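Peer 1: Chains G and S supply the protein sequences, listed in that same order.
In this text, residue positions in the first sequence follow our numbering: the first is 1, and each later residue adds one.
In this text, residue positions in the second sequence follow our numbering: the first is 1, and each later residue adds one.
Calculated from the structure, these hints are not laboratory results.
Among these hints, one or two may not hold up.
[As the list claims (entries may be wrong)] Some chain S residues near chain G, calculated using beta-carbon distances under 10 Å:
(1) 3
(2) 4
(3) 8
(4) 12
(5) 13
(6) 20
(7) 23
(8) 24
(9) 28
Since the structure is predicted, the reported quantities are computational estimates derived from the model, not experimental observations.
We put the beta carbon where it would ideally sit given N, CA and C, even for glycine.
Residues per chain are reported as follows:
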Amino acid sequence: MSELTALSLTQARDGLKKKSFSAQELAAAHVAAMEKARALNAFVLETGERAAAMAKACDARIASGAARPLDGIPIAVKDMFCTKGVRTTACSRILDNFEPTYDSTVTANLWRDGAVLLGKTNCDEFAMGSSNETSYFKPVISPWRRKGSNTPLTPGGSSGGSATAVAANLCLGATGTDTGGSIRQPAAFTGTVGMKPTYGRCSRWGIVAFASSLDQAGPFARSVRDAAILLRSMAGPDAKDTTCADLPVPDYEASVGKSVKGLRIGIPKEYRIDGMPTEIEKIWDQGKAWLKAAGAELVDVSLPHTKYALPAYYIVAPAEASSNLARYDGVRYGLRVPGRDITGMYEATRAQGFGKEVRRRVMIGTYVLSAGYYDAYYLRAQKVRTLIKKDFEDCFKAGVHAMLTPATPSAAFGLGEKGGADPVEMYLNDVFTVTVNMAGLPGIAVPAGLDSQGLPLGLQLIGRPFDEETLFALGAVIEDAAGRFSPERWWA
Amino acid sequence: MCIACELGFWSMIDALPEEARERILREQAERFACEAPQPAAPPSEQSRKDERAP
Numbered sequence: 001m002s003e004l005t006a007l008s009l010t011q012a013r014d015g016l017k018k019k020s021f022s023a024q025e026l027a028a029a030h031v032a033a034m035e036k037a038r039a040l041n042a043f044v045l046e047t048g049e050r051a052a053a054m055a056k057a058c059d060a061r062i063a064s065g066a067a068r069p070l071d072g073i074p075i076a077v078k079d080m081f082c083t084k085g086v087r088t089t090a091c092s093r094i095l096d097n098f099e100p101t102y103d104s105t106v107t108a109n110l111w112r113d114g115a116v117l118l119g120k121t122n123c124d125e126f127a128m129g130s131s132n133e134t135s136y137f138k139p140v141i142s143p144w145r146r147k148g149s150n151t152p153l154t155p156g157g158s159s160g161g162s163a164t165a166v167a168a169n170l171c172l173g174a175t176g177t178d179t180g181g182s183i184r185q186p187a188a189f190t191g192t193v194g195m196k197p198t199y200g201r202c203s204r205w206g207i208v209a210f211a212s213s214l215d216q217a218g219p220f221a222r223s224v225r226d227a228a229i230l231l232r233s234m235a236g237p238d239a240k241d242t243t244c245a246d247l248p249v250p251d252y253e254a255s256v257g258k259s260v261k262g263l264r265i266g267i268p269k270e271y272r273i274d275g276m277p278t279e280i281e282k283i284w285d286q287g288k289a290w291l292k293a294a295g296a297e298l299v300d301v302s303l304p305h306t307k308y309a310l311p312a313y314y315i316v317a318p319a320e321a322s323s324n325l326a327r328y329d330g331v332r333y334g335l336r337v338p339g340r341d342i343t344g345m346y347e348a349t350r351a352q353g354f355g356k357e358v359r360r361r362v363m364i365g366t367y368v369l370s371a372g373y374y375d376a377y378y379l380r381a382q383k384v385r386t387l388i389k390k391d392f393e394d395c396f397k398a399g400v401h402a403m404l405t406p407a408t409p410s411a412a413f414g415l416g417e418k419g420g421a422d423p424v425e426m427y428l429n430d431v432f433t434v435t436v437n438m439a440g441l442p443g444i445a446v447p448a449g450l451d452s453q454g455l456p457l458g459l460q461l462i463g464r465p466f467d468e469e470t471l472f473a474l475g476a477v478i479e480d481a482a483g484r485f486s487p488e489r490w491w492a
Numbered sequence: 001m002c003i004a005c006e007l008g009f010w011s012m013i014d015a016l017p018e019e020a021r022e023r024i025l026r027e028q029a030e031r032f033a034c035e036a037p038q039p040a041a042p043p044s045e046q047s048r049k050d051e052r053a054p
């Protein structure tokens, strides 16, 4: 049944409709693939039995002619999404064995449309990281390897487990969250498609909060069309989240294959950074050529405040994180480490429950929000954020429909290779992606080629607010020109 | 709503098309004490005079 795991989501949907195979067979094939791929450490919880039960219900609906849009489609869910009765930890010890009593709106939307839960995927602790190395459950190993090397590589982060599960054919699609690039960077590192929608397109209700003004959920898939199908189910208004836009959700799939003729694509000069590998430059130029050949018009644009985005982000995000993570005190959730008194219990729980990177960010956040430093750091960072947003607005007002940039400043790196001595080295991974979160815009990472070591490289398209459709249309042009990329199977 | 969510809320509102922005702000205004919708104004003296007697 391994050929079932090689299907795209679209092909699987069509096969189920035609009754070429059942949802139970499809789920069983993926559960078997997951079991054989444990070396990748992509899942922190496998829910095979639940998948079988959900698939059985899907088969009954398909048989009765009442199939739903995602009926029988096996997916993986990042461990940041609350799933009713299924352990949700944000890959942190502090949420040890926490079982939510409700589903996040995004996962509830997916179950409403018939998707099948295969398991919860590994990620950086509280989504804080770019390599999956901060996970309490140990890092995910990328299914990709450099030519002629066995060095374990990072799949990127923080949604590395979801990206890996999709790239290694362990599921047909997956959910991720993106606060500074956590969907687009792992998508680029694993040769998958990752979409971060506009802030407000997907409800954040029931997603473990990291930085509330930046967090957004989105899909991973092996094709642009598959990502479009998933996003349609994930998105939509939600009365439980005031920051979720009350807008109708378009039929994103219909925009895949649409002509991009006449669209004006901005090429921001500030994204050409010192020390950027030639191969990234080359793939960017190639992307421009593909879009031009499809009839799009390329325009040089300037986003002058880009250089301030990363430092401003690393003030805003830790500030919000320190506030959001204050709730983990050993009283209400997960881990409790006894202390001499209640203060001692708080201290011991938080010291032992949070990992090093989370503790670092909580301390940075507390510092920048403290009396006397608030104006100098947090307030100033918010002003920078407004300027970054205005840079994009000016370009869009001038008639630019979307922008094309590299997704990452390099291909995937080896586990343990970065950030050991200096965390800023790791933070630099997000240099092309954080601006999009700061401005609340949609962004998609699409695989565009392989580097000389055989590792995937991705391109990023940034769109106007709530215009994910244009990104799917442009992403499909790049995908058609570049082809698709799969890792050589070494794990089973 | 915490400050971070409020930042997110206004970022989402700013990004909306004008028509949707006005609609959502109108619908959600009652959630914001400082922007509570004004009660309907009583009819003016003139409009009362203009009313026909039954």
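Peer 1: Have a go at the residue 28/S hint: is there a Cβ in chain G nearer than 10 Å to its own Cβ?
Peer 2: holds (7 Å)
Peer 1: Would the stated hint for residue 23/S survive a check requiring a Cβ distance to chain G of less than 10 Å?
Peer 2: With Cβ-Cβ at 8 Å, under 10 Å, it holds.
Peer 1: Quick one, is the residue 24/S hint okay against chain G at 10 Å, beta carbons?
Peer 2: holds (6 Å)
Peer 1: For the hint on residue 13/S, just tell me whether its beta-carbon gets within less than 10 Å of chain G.
Peer 2: holds (9 Å)
Peer 1: Restraint: residue 12/S near chain G, CB-CB cut 10 Å. Satisfied or not?
Peer 2: With Cβ-Cβ at 3 Å, under 10 Å, it holds.
Peer 1: Any CB of chain G closer than 10 Å to the CB of residue 3/S?
Peer 2: Given a least distance of 8 Å, the restraint on residue 3/S holds.
Peer 1: Return the status of the interface hint for residue 4/S: holds when the least beta-carbon distance to chain G is below 10 Å, violated otherwise.
Peer 2: holds (4 Å)
Peer 1: A closest beta-carbon separation below 10 Å is what the hint needs, so does residue 20/S meet it against chain G?
Peer 2: With a closest approach of 6 Å, the residue 20/S hint holds.
Peer 1: Quick check on residue 8/S please, does its C-beta sit within 10 Å of some C-beta on chain G?
Peer 2: holds (4 Å)
Of the numbered hints listed earlier, not one is contradicted by the structure.
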